[in-house]
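There are 6 protein chains.
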Amino acid sequence: MKKGIAQHQLGETFDYFLLIKSAAKGVASNNKPFLTLLLADTSGEIDAKLWEATPEDEALFQQGELVKVQGDVGQFRNKPQLKIQSIRPVQPTDGVQATDFIAKAPVNKEDLMERLTEAIFEMKNPSIQRITRHFLKTYQEDLLNYPAAVRNHHEYVSGLAHHIVSMLNIAKQLTILYPDINQDLLYAGIILHDLGKLKELSGPTSPSYTLEGKLIGHIPMMVEEIRVAADELQIEGEEVTILQHMILSHHGKSEWGSPKPPLVREAELLHQIDMMDAGMNMLNRSLKKVGPGEFTEKIYAMDQRSFYKPTFEK
Amino acid sequence: MKKGIAQHQLGETFDYFLLIKSAAKGVASNNKPFLTLLLADTSGEIDAKLWEATPEDEALFQQGELVKVQGDVGQFRNKPQLKIQSIRPVQPTDGVQATDFIAKAPVNKEDLMERLTEAIFEMKNPSIQRITRHFLKTYQEDLLNYPAAVRNHHEYVSGLAHHIVSMLNIAKQLTILYPDINQDLLYAGIILHDLGKLKELSGPTSPSYTLEGKLIGHIPMMVEEIRVAADELQIEGEEVTILQHMILSHHGKSEWGSPKPPLVREAELLHQIDMMDAGMNMLNRSLKKVGPGEFTEKIYAMDQRSFYKPTFEK
Amino acid sequence: MKKGIAQHQLGETFDYFLLIKSAAKGVASNNKPFLTLLLADTSGEIDAKLWEATPEDEALFQQGELVKVQGDVGQFRNKPQLKIQSIRPVQPTDGVQATDFIAKAPVNKEDLMERLTEAIFEMKNPSIQRITRHFLKTYQEDLLNYPAAVRNHHEYVSGLAHHIVSMLNIAKQLTILYPDINQDLLYAGIILHDLGKLKELSGPTSPSYTLEGKLIGHIPMMVEEIRVAADELQIEGEEVTILQHMILSHHGKSEWGSPKPPLVREAELLHQIDMMDAGMNMLNRSLKKVGPGEFTEKIYAMDQRSFYKPTFEK
Amino acid sequence: MKKGIAQHQLGETFDYFLLIKSAAKGVASNNKPFLTLLLADTSGEIDAKLWEATPEDEALFQQGELVKVQGDVGQFRNKPQLKIQSIRPVQPTDGVQATDFIAKAPVNKEDLMERLTEAIFEMKNPSIQRITRHFLKTYQEDLLNYPAAVRNHHEYVSGLAHHIVSMLNIAKQLTILYPDINQDLLYAGIILHDLGKLKELSGPTSPSYTLEGKLIGHIPMMVEEIRVAADELQIEGEEVTILQHMILSHHGKSEWGSPKPPLVREAELLHQIDMMDAGMNMLNRSLKKVGPGEFTEKIYAMDQRSFYKPTFEK
Amino acid sequence: MKKGIAQHQLGETFDYFLLIKSAAKGVASNNKPFLTLLLADTSGEIDAKLWEATPEDEALFQQGELVKVQGDVGQFRNKPQLKIQSIRPVQPTDGVQATDFIAKAPVNKEDLMERLTEAIFEMKNPSIQRITRHFLKTYQEDLLNYPAAVRNHHEYVSGLAHHIVSMLNIAKQLTILYPDINQDLLYAGIILHDLGKLKELSGPTSPSYTLEGKLIGHIPMMVEEIRVAADELQIEGEEVTILQHMILSHHGKSEWGSPKPPLVREAELLHQIDMMDAGMNMLNRSLKKVGPGEFTEKIYAMDQRSFYKPTFEK
Amino acid sequence: MKKGIAQHQLGETFDYFLLIKSAAKGVASNNKPFLTLLLADTSGEIDAKLWEATPEDEALFQQGELVKVQGDVGQFRNKPQLKIQSIRPVQPTDGVQATDFIAKAPVNKEDLMERLTEAIFEMKNPSIQRITRHFLKTYQEDLLNYPAAVRNHHEYVSGLAHHIVSMLNIAKQLTILYPDINQDLLYAGIILHDLGKLKELSGPTSPSYTLEGKLIGHIPMMVEEIRVAADELQIEGEEVTILQHMILSHHGKSEWGSPKPPLVREAELLHQIDMMDAGMNMLNRSLKKVGPGEFTEKIYAMDQRSFYKPTFEK
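In the order they appear, the protein sequences are chains A, B, C, D, E and F. Residue numbering for the first sequence follows numbering that gives the first Met the number 0, beginning at 0 and increasing consecutively. Residue numbering for the second sequence follows numbering that gives the first Met the number 0, beginning at 0 and increasing consecutively. Residue numbering for the third sequence follows numbering that gives the first Met the number 0, beginning at 0 and increasing consecutively. Residue numbering for the fourth sequence follows numbering that gives the first Met the number 0, beginning at 0 and increasing consecutively. Residue numbering for the fifth sequence follows numbering that gives the first Met the number 0, beginning at 0 and increasing consecutively. Residue numbering for the sixth sequence follows numbering that gives the first Met the number 0, beginning at 0 and increasing consecutively.
In short, the hints are calculated from the structure, not lab data. Warning: the hint list may mix true and false statements.
The list treats identical chains as one, so a pair stands whether inside a single copy or across any two.
Stated by the list, open to error - Simulated pairs of lysine to any residue, SDA-like, Cα-Cα distance not exceeding 25 Å: (1) Lys82 x Pro203; (2) Lys48 x Ser21; (3) Lys24 x Lys78; (4) Lys259 x Val89; (5) Lys288 x Ala228; (6) Lys31 x Gln6; (7) Lys108 x Glu312.
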């Protein structure tokens, strides 16, 4: 397999296809315009400069476009930077497509969908089951495509579904170890907890925040969605309130965006499992990038900690 | 006018009607049951003990009942306590009714309703106007009866409407002083901001929190209500999102229950006007109870501060 | 089975054996001495007063003694209180013993020991295995008897071992779901994390804090123990440091007593599993005491939250 | 009217007069000295570089000087930067003066003075009136010239008086809505609250902090001034203490520089009105710079929030 | 020497003179009035109850009176309480006076005064010396009588001067060890730092807070006093500002009442020496009350810590 | 004496020996490698760039090497930067050695050692004395060479011993002023408190953190060392626990790395003396660099404060 952009060392030349994740125009000290591009393939990302950019360049090289690039891997302020020698839009004859250059979950969509369906199938409480199934049906396509977050953890295609399925796997084991847990509630909370992100974010790749996302946020948006769904399905009863509470409280504390803390056992567990799987996703991927005896980069969403990989790890 | 319970001094005998605000059974050190009652009229409240209570007493003297009481005003742990000598339920011939014994707003419902109607009438944006009018129509009765809060400020019958109307009055002047303010938005935010309390609290008098109130809270509940109302009225557009944002952010900070801070000018003003009117209501009522040169009791919702009334105040 | 003290209602008479968990002398308003006893059986505890206590009473009724008590269940400041009518020390002919009156883990010691042994047996890293086995051997008796804490969670005989074994069960599943986890490290961290409590607390039943516990605390004490053990076993290498780090960091934050936050993947997981199992222990036991539709008492170690048991729970 | 510096786009050439707000010398990578100037007119400010500056340049182009500049509007780190082609000091024949290039309050000094005089005239308490009038007389000139702050809000000529007069306008309406308010106290508090800034800041334009400002701060400085004024006017009585308290507490909390929180009703209102007018000043000016559907820049003094201007605003 | 009230054990009878530190009227459950007195001699304090108090009792037994008391030392809520059997005002023939019953500094006033004079005499900067001498002269009597605080540390007659002199002693040694220290500044700061308390507190014995104390506080009050003194002495120059800054900043942080943190070396030292001497005073007195191997009571002003006295201490 | 690097002004040429404190490779925008060196002599440090560095340069110019440098003092982002014209390794004939270019304590090692020995000699408690002497003997060499910290205070050769001896001097005076202090404990605490740094840091010059330092930290490491030493010396008794407690608590608060706050008088004093001497070291050195009437640079470890040197200081 071709070496990805993230595997290139300082001084090496890169010559292959990359996806433009963002593009911004600047003016150099010589008063000539240039483009700052963020280019990516599945191995990672790199900042790049296209000096003396023409208006045509500006029109061609925009976010979401796939390009063929040749350039040298240099460095600017301790970060790699690609100095572009030549760049052109991809052509049909290149035989490549954007989706080949986007990071994806390590599990395919069919398997993710199967596991979600299975979890809903196992539910015994009809109100909880119907509401959950309704959301899966309504949002299936987006759910299987969106990342779980803009950055930090599961920030890749199908990341949200991957995160949900990993959480369901933990939940399944915990209900065996602690049989008092209401599995229906916990499963439903896990499947629904972040669905508000499908409206908070603008799309599955290179997402930004929507106006509703900025002014309301995915948590209250999803609480509202459950009400609307329950009305539509003509479901009444405490199950609706409890599900809304689980969404509302799943960030754990008001400072983290939950106006109520978890006040139901399964809501507390949902919060803990969410933290655990997000943490493992960040930790494992960061630790993979370093060798034994080294510390990882600072992980932003884990209090900026650098983690150590012991020398006795393989 | 008859002297109220709060005007009775230590050692005086009280002999008139009072409303039972809460009732609880206890067992004395001699193992005999007794009742602890919280009794009230419009002048205030007093704790009372009915010693050696019979099962009949327990059945008769419950929350919400109006009773004729004779007893002595004593003291327990620095608070007045009524030692009941005799007590009986009110009779039709007594010619008194519960509503005469409940504190009310100093403005009558008709005037409050008129001011609310007027504010909605002044609105120019049809979406904002229709949504606000819809809520006023749907909740008119409760809105004119509920207190603004269980305790702290405007905690009396019609307190919520009184609070809203006072805020509208401040808002009207501010829109004159700062003409950039969108008056429609500000008025609508003020009228709607606490309507979620109509479902968060169990009723207009002696309210407790409902299950939804405890697990969801009035802020997300009202955000959801606006969505449902807009769907019903078939109103689309940014107005709905902005109104939801105003409700969501009106407590100002996540620690105070708003998952988003105010991010629209009128949302910021709504928060400030809410604090200002609540503060003036607490301050004025506390300062009325003390003379010049004295400090008020600690006001819980104002950081436990005691306020000073200067000697040069009349 | 005989009804325990916690199952007695207000006004009922209790007449059976109880264990004295604490005893304190007071002087009544009539200047006569009295004893305040905390009495317990496996169902729970009750405060009790022995009025007009003689010096003999004081000598007889001390912490740890088993007594036969007859008395009436009354109430003082909203808590049950036993008014003792008669009390005497237990006699050999009564055929009861203190251990029958102490709460115990719901799993027996043999099973706990077997699971611990099994976990150590599964370890592949000889340094980690030898250190862990050394501690299990040295402290086996205490480890199988001590509670996990003075209060809050697993505060019963064998509570520490019960907590450890529950954590090992979670850990086992997580290592299957996330194969990157170093199982040896995680298992060792779980088994050792709270062993410092064996020296921080004075004993397995009704424990108080030792001087070392108060001035040093179980975390630094155990870090030190690992060093001493490694020296004794002549084990060198990074494993010792990593194990010390896991103990040191397992409370997660400096405010919670860990001078370093977790900086190794398995240290982070140890912290999360510890919180999860402690939480489930507190939650399940609190929720058992209430019926559907009710809230639990405030749980001190979970931010004083009251949890709700939905009406649709059986 | 001539287009101001802030209206020039990237790439345009500017050729007109500007005021030097600050000047600093640097040494370029070629070891030649250069000047970094902050240049301004009433439309706004721009950073500028004068490369290869001579000692004469350094002597001529200092803070407070008015200059004629020709240069190109470029960009450096996402901020506009003027590359100076030619620059010379202003000459008498240019017919321009520094005050034409400084931002001013949107109300003229005479109107501000009239409103201040009127407020003092309305006061009924002679002690409060005499102290307030004394300060107005003593500091009239500076008061009508100083900004209200170095940055954030009302940071322009006459900004302090503009802020005071806006606050008086709010106060006037509030005393009508809440007649218990002591208007004399509130008016005096508003007029005096920030007068300490006349000594905390070095002057009305491009102010820096004085030594007293840095070591004592405007709040204790003004508390002290009131004492000195009262002594001079031979005024005694609680009014002096209450006025001092109002100054002392007007930042609301110890973390914000008030060693005592407001403990008098009018002190609390002063704090709220101060926040409200400062907020409206910042919000309105920031929102003016963006179009409907856009977010403002982050407003530093409002918790770094970006505010949204709805699309339905004109 | 007669055994003081604090040396009496539970059950013992007390029969001697005591000073009334506070007196409050209450009404018992039998509706009869009683007096709650706080009685003291130099050994300590005790709560006392005078049941069935007559109006004459109420008139006689007020704060500041010296009384002859006979009563039994009982206990109420874990604190000693004196049940008064008989009580009468002191008579001339008793030959005792109030000052014999008030705790005093362990150093006499003459020695304290001498040390203060000496410190001022050593000063070389005339401005600093004159201001400090001015205050010593003006407040000499009060300074030698007042406590350093209402409670916590040096809360006895001459406590303020005792605290100042102890701090001067530390300062003297530090100026030898760190010769860069400006001794004049440090000495002046120490002598003046708490003089504002002479106006913040109502008097030298059983002090309460004055209105100015409550609304302004001793720190801004003393900053103001220095300005007034400097004006009177016609002293100008930076010394005045620096002395004001030292007073203003000596609590170290805004949360502790200093609107500016120490920004001058000697201001920082003043803060540290103040904390050190206050701490030693509290610690030594608390540790004196316990034996080796015991913990002290919780010391409120030291973060509620209980300190341990090692068994190897004599 | 030759002018040090820190005394060179912008634009001057430097031509003398310097020590390389750190070296890092970069790639310039022209894709040529360069070296960023941090160069130092006893007067201070400077950043330097060696452009177009060859692989030989990279091999020669590494951390710890002494070099002869010729270059111009320029400026980059407001900090001085040396543009290297020529650089070569030092030669034997140069007659200079690395230790001449490292900042050292202003007291020599013999005097420091003498004072340490004297303090131990004065101890009366044999357990405390033997433990302290043991550590002095074991770590004498390192103790006399290490800095007290990587940065902030006493960050020079012999800094740790210098800090300890300054603290002993303060302690000596305090034990005279407060005779209750246990001098043995306080002296031992001072000598031992930071010895864990000898293992936390990699060496006496240009130290970095060891793995143990990062994962355990010097405080728990030293608590452990005391246990090991006591075992080796066969010392038992409370002295060991108290010494461990003093080390553990000497940072004062859990947020600052002490899992237990000081709970013994001498532990509290140790913390205060540590803060005082560290503060004086930072303050005096910062103030030396500025003239009267100026503010120091922000001092990082003193809450980023800039301190003022009064104009009346010489």
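So, going through the hints one by one against the coordinates:
1. Lys82 x Pro203: Close neither inside one copy (29 Å) nor across copies (42 Å); limit 25 Å.
2. Lys48 x Ser21: within (12 Å within a copy, 30 Å between copies)
3. Lys24 x Lys78: both (20 Å within a copy, 13 Å between copies)
4. Lys259 x Val89: neither (50 Å within a copy, 42 Å between copies)
5. Lys288 x Ala228: neither (43 Å within a copy, 34 Å between copies)
6. Lys31 x Gln6: Between copies only: 20 Å across chains, 32 Å inside a chain, cut-off 25 Å.
7. Lys108 x Glu312: neither (32 Å within a copy, 34 Å between copies)
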